[in-house]
Amino acid sequence: MKRLPIILGGIFISLLILLLPPLIHTTYGQDLLVKNGKVVTLGKKGTIEGGDVLIEKGRIKKIGKGLRAPEGVRVIDASEMWVIPGIIDTHTHIGVEGGVNEGSNSVTSEVRIIDVIWPENISIFYALTGGCTTCNTMHGSANTIGGQNVVIKNKWGVSADELIYHRAPKELKFALGENVKQSNFPRVSGQPRYPTTRMGVEALLRKKFTEARAYMKKWDDYNKQKKAGKNPIPPRRDLQLDVLVELLQGKVRAQVHCYRADEILMMLKVAEEYGFKISSLEHVLEGYKVADAIAAHGASCSTFADSWGYKMEAFDAIPYNSALLAEAGVNITINSDSGERIRRLFQDAAKCVKFGGMSEEDALKTVTINSAKCLGIDKWVGSIEEGKDGDLAIFNTNPLSAYTRCEMTIIEGKVYFDRKAYQEEMEKLREEAKKKEEKKEKS
Amino acid sequence: MGIKAYISVFLGGLLIIAGSLGAGESLQKAEVYAITNATIVPVTAPIIEKGTVVISRGRIIAVGAEVEIPQEANVIDAQGMYVYPAMINSCTILGLYEIGSVRATLDSSETGKFNPDVRVAAAINHESVHIPITRSVGIALALVAPRGGTISGQSALIRLEGWNWSEMLVKSPVGLHISFPQVRARRRAAEEEDEEAISKAIQELKDYFTGARHYMERKEGAAKDASLTAPPVDMKFEAMIPALKGELPVIVSVTTSEAIKEAIKFVEEMKLKAIFHGVSEGWKVVDELKKADIPVILSSLYGTPREWKDGYDAPYRNAGILCQAGIKVVFSTGDAALANNLPYHAAKAAAFGLPKEEALKGVTIYPAQIFGVDKDYGSIEVGKVANIIVTDGCPLEITTQVRHVLIDGKPVDLSNKHTELYEKYRKKK
Amino acid sequence: MRLLLYFKPVVGRELSRCLAKEWAVLFFVLILCGMLIPVVSAEEGVVYAIKDCRIVPVVGEEIPSGVIVIRDGLIHAIGADAAIPSDAVVIEGEGLIAYPGLIDSHTKLLVKLPKEPERPAQQAAASPQPSLGKWGLSPDLLTIKVLEPNEKAMERLRNLGITTVLTVPDKGIMVGQSAVVNLAGDAIADMVVKSPAALHIEFNTARGMRAYPSSLMGAVALIRQTFYDVIDYKLRWERYRQHPRGMRRPPTDPVLEALIPVVEGKLPVVFTTKNQNDIRRAYLIAREFNLKHMISGANEGWKQIELLKSKTVPLLITMNFKAPNTAFEAQQGKEVKERAEKEIYPLNAFKLHEAGLKFAINSYGLTRSTDLTKNLQTAIEKGLPAEEALRAMTINAAEFLGIDQQVGSLEKGKIANIVLSEGELFAKESKVKYVFVDGKKFEVKAPKKKPAAEGKPANIAGEWTFTIETPMGSMESTVSIEQSETTFTGTMKTEMGEWEIHSGSIEGNQITFTISANIMGETVEMVAEGTVEEDIMSGTIEAGEAGTMDWKAVKVPTLLIHE
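Going down the list, the sequences are from chains A, B and C. Residue numbering for the first sequence follows our numbering, starting at 2 and increasing by one per position. Residue numbering for the second sequence follows our numbering, starting at 1194 and increasing by one per position. Residue numbering for the third sequence follows our numbering, starting at 38 and increasing by one per position.
Chain A on its own, in the form it takes in the complex:
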């Protein structure tokens, strides 16, 4: 596989910028010992039969066998169970209040999901029932440049501020193709929104990045003058361009919704022209057709396992997409894009084994460590390793089996979903409801 050199204007700064400092500081995580499970670490320690994971203050302290729980620490018996890293969904729109699209204009990079996190959305709980501990919740795909996405941990029952994974780097959503063109919308009277073609999408992108460059220069000039002891008037702060400048400076991760090979290639070339990096291509259903170019650019791909055919641009989608991209050396992840499918990402991962013959371990990685890499948070989540967050999913059998069931989901050492306890609680609820109904009928 030959790698094309990427010409990038800006210097990549691996420094992450914090999304927004939290408003309140809560204590981090809890202590927990998970014992005697089949621990699939997806990390250096491989798979440990009868393994233990000790979590202290929310972080994994030790992985091994025969670990002892410190005094007062809860122990979970995972005998005959599979323990895997918490599942990470790289593309969702759950937990967003008041609309996932600012669809009025085609460029709205100033809007931020972080402002509208909705912690009481039931989809967050549903995610937990499928072992999903972390997800990237995004602006929709209505706009060429949508808005700023955010990574959350699915801590059901906390407030918005505590839900946000503050370590995750800043992200910006782009979209290409049919949704941006609004080609599947019912026609409305009046002039349609610009752009209505893929040509227009490219033109708009180049226009905006040219503006961003000019804006960046204005600020550079201002800073230079200021340094020289002058008293210049700062340029007008433009939130829409601010984030594009940060992108040009390599501080923001670009996540691009795309389908067709042509638009994928276009986006890569625009990025290379303006000197920034695409951190991930989303859906990217025809990615396999340009796998080499994607690999050369170094973008991750976040795709569907086998969804296809729902629109014209999804008609050349193949379930072998992930296997082909992985073979080309691309970091590949499977996403849900749905508050329902988020509950069964492990099953979608299994399709990577079926279509294209990925190994089981590699398949599991597409919804864990690869996803973490895709979001730039692999230092802390995505595999079971000492020092990482204590995010685990426990299954009754191989999570890639169609017969599997998620039994427990743990985030930072705290059990957020326990199927047994849940069932008991629901049984009570249902019984109460039944009694009430009977009473009603009687009266």
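Hints are computed from structural coordinates only; laboratory data are not their basis. Check the hints yourself; a few may be wrong.
Stated by the list, open to error - Result set (DSS-like, lysine-lysine): computed pairs, CA atoms no more than 25 Å apart in a straight line:
{"hint": "1", "chain 1": "A", "residue 1": "K436", "chain 2": "B", "residue 2": "K1621"}
{"hint": "2", "chain 1": "B", "residue 1": "K1454", "chain 2": "A", "residue 2": "K435"}
{"hint": "3", "chain 1": "A", "residue 1": "K429", "chain 2": "A", "residue 2": "K156"}
{"hint": "4", "chain 1": "A", "residue 1": "K429", "chain 2": "A", "residue 2": "K440"}
What the hints assert, rightly or not - Covered stretches of chain B (chain A as the covering partner; in silico rule of three or more C-beta atoms under 8 Å from a C-beta of chain A):
{"hint": "5", "segment": "1232 to 1246"}
{"hint": "6", "segment": "1293 to 1306"}
{"hint": "7", "segment": "1365 to 1371"}
{"hint": "8", "segment": "1389 to 1395"}
{"hint": "9", "segment": "1501 to 1510"}
{"hint": "10", "segment": "1533 to 1546"}
Model, not experiment: these values are computed from the prediction. All C-beta atoms, glycine included, are put in the ideal place defined by N, C-alpha and C.
Keeping the supplied structure of chain A fixed, place chains B and C upon it in accordance with the hints.
What follows is chains B and C alone, placed relative to chain A:
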């Protein structure tokens, strides 16, 4: 495993080629197959280790551990592999759907409320890309059903192989499909507003059936008594006569518990032979369903429950609860693009309480029984049509590879749009 | 009498009927005239002395029995031994308790916004990048400019002991600058206690995709960008004013101009919060721009107690117990939602109090602002101490709004906003007897006995033939009503054009609503109440100075579709 899958895809193709090449000289050889050394899961009989299935002229002629292999047979050595009956997807729009957002490619829903006279059979696009894709996971038969309106039309059972729709038909019509009026909105507030409209729509449906019955009676009366005049021919009412006589089942799509109860009342009042479809809240009305003795075609299990107290897993547990009560449950996908996910719906039910054997039966013998074709389909038995799959594992498992699919006793090509694009772009390095 | 000229020629009995009709129309014109002529108050200059009443001044010691002297609209003297002046009209206070007038710290009472102009048809844009116009920015709107006195509405609140309200429109994002007004008077100018009181921000969005912002996140972005623009604007003008020569002058922008006192911390911002997440949004924006801010609404305050305690800001909490759509319970169907509204949401004030937070109370979001005290009683039942409720509605509100030197307690020199009640103010059986606003006395008449409202709200949606009996004959019109559970709106097609029916509410078979009558270009609000009995409704309409009129409505039967 990648290479193995690759080979399997090709093997099927090669067999077809071999078969057609030999057509001139040894017709017999092309019609006789023996699958050997396999673990055979006949579904209606105990598992046979190291068994053989012999197929001749499309039918199974022998099954067992000690079966003689005819000399003229094409032998498929299934060493280390499994043999199952091919699966049946009990409700899809295969052949009526190509691309979701392109209206020109959609033929599943006719406009208007009452369309008993529309028949899917004549509209099935045998070249649909979704058919070979569905076939490649081991699905040989599918009930193609119409949607839309209140009476949607008549469904057909097709085999996923053939040069045109006529060749593909196994049975048509299979049922008269009714989309039962019910609350669609998830919000409870909207439900109450809808209630009145729904009861009105149910009444309309009943009136329509009553109207059809009058028509039938007048027609029959006139046939017996020359002094009576027959009503003018009404093609819509004509189409309903078999259903009114109980010869053709009505397949009623209904999901909420309230609507299921109403639907039971409806089919009993109208004296119809019924199969219910959808039924995701069936677990709430098990007793009623059992009493009415109505088999159930479940649709996608991937919905979320209507109410919190139902539990996140209610749609998953549904099949197990129904089965425990003795209700026959079969599986379907509804859609066409993911009709190949059928086995995973069945497995999901098995993960949440349905016995695994029942899950398997729900995609093989049970649908054959419900659709009245179990004499020929649904299991591996001598005399039945040889719709057989050879796999490297349980066919309901996602990671299982299907090596061969035989439809009507012939191996079919497992390549499809997906494998073709895969092969094409694999070569690009 | 010019109206008579328009009579159409009619014959026989029709004539008299027609005459009656036209006379009725004329009557509404007279109502209008009556409303436009300012009524000179006979109260002016009267000195009152309330004696022998128990005084709860809120600030300072309670006086078991004392005297309050009111002169020139102010509390002239107060105390156990205060002398009763010889020119005073003495009010016997024996058996009554005197409280400061209550303050509703957030309402849209008396606001009358001009109708939004129709959106012009979209023109084909020559430029290929049409950027949609910004919606909802009117920080330069002074509420006092859009207030209209409405005696009936004010009376309803006064009868509950509310003498002062903070009022502001609720349409848009930066909705405008609020005013604090006293609830008595014929001219807004005389009623205003403070204006502007604060800039109000609501997290609202434009409907559809035809304006920016169409999403909540867009609204937040627009608020932030606007504040950055103010900072930029301010700086540019400051620089320009220092050295105008040789510098191109910046453009003037009334929207940004109006926000300068806000970024300078001179004018506080009130963020309206309709769920727990709005509180967080408000805090984030306030932190980013270092705003002096208050939180209004806070209906889910208990879910954000950590945040509210981390940096305390004035809280103006609502007595609206409706669960927002975002609530977990609201996603579980009507039954669970309604239970939460009964059992969980009324606990909010108590929980905030328990957390040691200080707050004022308001009626924001209530369909009927008169539900304020009723719901407050519920909050008290749920554990909120009555004294705390009283403080919340008096001195706390006054302090937060910066009017504690004028109102909020019974102290010498403060505005004579006084409530005299029989029994403890928030007790269920108590009765407000007198209310003084700006020293003007209002006697609360016992409400007319109404049959108790029972059961489910009556269904009144549909078409009605509506007859108003004016003193000059009856006027017939067609009314169509759209009902949503316990509230409704509608239109009234009359001889004088189409009038709007709004603020309708139904409790059992009792209904109240307001008719916005447009009479010769002027809008007159008339409050109606009545009873529903199947297909007939009847009741009375208050027509201001013109008195009370009876009305009756008969349901127009809907055509049954033949089956």
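For each hint, the structure was consulted:
no., hint, verdict
1, K436(A) to K1621(B), "65 Å, violated"
2, K1454(B) to K435(A), "17 Å, holds"
3, K429(A) to K156(A), "23 Å, holds"
4, K429(A) to K440(A), "16 Å, holds"
5, 1232 to 1246, "violated (count 0)"
6, 1293 to 1306, "holds (count 3)"
7, 1365 to 1371, "violated (count 0)"
8, 1389 to 1395, "violated (count 0)"
9, 1501 to 1510, "holds (count 6)"
10, 1533 to 1546, "holds (count 9)"
In this structure, the earlier hints numbered 1, 5, 7, 8 are contradicted, and the remaining ones agree with it.
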